[in-house]
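Peer 1: Numbered according to my numbering, the sequence shown terminates at residue 389, and the numbering increases by one at each position without gaps.
Incorrect hints may have been included.
[Stated by the list, open to error] Lysine to aspartate or glutamate pairs mimicking EDC-like chemistry, simulated, CA-CA at most 20 Å apart: (1) Lys139 x Glu149; (2) Lys43 x Asp54; (3) Lys139 x Asp368; (4) Lys250 x Glu308; (5) Lys250 x Asp286.
Since the hints were made in silico from the structure, they are not lab data.
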Amino acid sequence: MKSQNDLSALLRGDFEILKCRAQSDVGFYHRTGILSFIDSLQKHLDLNRFMSPDQLISALAILENIEINTSKFRFMHELLNHERYRLLHDIVPDAPKASGGLKCPYVSLVATLRKLHCVLLGQLELSLVHIARELPVSKVDYEQSMLDESQAFHDLENTSKAPHLPDKSTSVKDFARRSVTLYGTVVYPLHSNNDKDPAIIQAIQGFGNNTSIDYEGTPANKLYQFGGQFLEAIMLNEFSHTTEFKQSGKQGIQPGLVKGHINWTKVNSKIVGQVTLDVLTFNQCDLDNKDAMPTFYAIGSDGISLLEINDDELELVNKRCTDEVSRATNGQVVPICTLSATLSMPVDTTTGKHYLKVSAFTVRFNTDELRSTREYDFRKAFGNRNDFC
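Turn these sequences into a full structure, and let the hints guide you.
Peer 2: Laid out in structure tokens, this is it:
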């Protein structure tokens, strides 16, 4: 587990060293100027351990727009380009330019500015890759035996064979929140807070092979009765029971803020659901000490480090993740992991009624500090089998 000071030291350490050096190595008149510039730069960059991509972009734009006025270059981006370093527009072509550039007349600081630019650009690139669900650190595609062994997926099948959920909630509000779509298209309600909104009901019944939501076991009935929150709970239950810290093997992981989406479509005239859940935060309880407070985790600014969230950071992280879940922002949080499931709607041969079944499941981790016990158990079982061959 990375310590809480690792990222701060990486981002701020050079500045603290320069401050100390300025207090001892340079003359009195220069000392005040360098310290003032470093303080101003830190304030403008606003570096922290949980920076969003937009914050990283803003910091990089500020760095590239600093006036350095060396003998050959006026701006930092000119020096970086001459030395063949990548610039912000190489990663984000439409990134906004910083306004009101800082002036740095101290040549001794240029190397530190260059290093900081490289660090932040690398963090931004990896964060954007992971947000786009590309190149995960690790990935587990469930084999059929792994699907069969999942208690959570058995619960899905058994529960969806019932007429409705125990609390009788439906998918209407999930459609209204845009967390459930049909053919990738949002279904807009005619009325708010209507559990039988006519526009949504009509769309469900039309998609469900023109069947009625009122007839138990029809495709439309299943789409109506078993909504996004229920399906999300099933997938997160699987996540909680199969995820552990790689190094310590500790479990007791409970998802916190989660961004989810379900898209219902048809493949060869058969109804198929694509469920995608991004786990943005989680908490871990000490199973050996039930009185201990849970520890909260999220991915750091570098797009890969799993960091403990301290009390001072909790409000910041919760606000950013809540905005992402509510879709006030998009692509501003690196998920700890992404769960992807494919749902089918087979017919129960004993009753002739439809139910829901997980036909494929994938877990993508964006950190090397977690692992799935499904993968570990599967590899262990496969390895043990060789003992008898």
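Peer 1: Would you mind marking each hint as holding or not holding in the structure?
Peer 2: Cross-check of the supplied hints:
no., hint, in the structure
1, Lys139 x Glu149, "19 Å, holds"
2, Lys43 x Asp54, "16 Å, holds"
3, Lys139 x Asp368, "11 Å, holds"
4, Lys250 x Glu308, "15 Å, holds"
5, Lys250 x Asp286, "8 Å, holds"
The earlier numbered hints are all upheld by this structure, with none contradicted.
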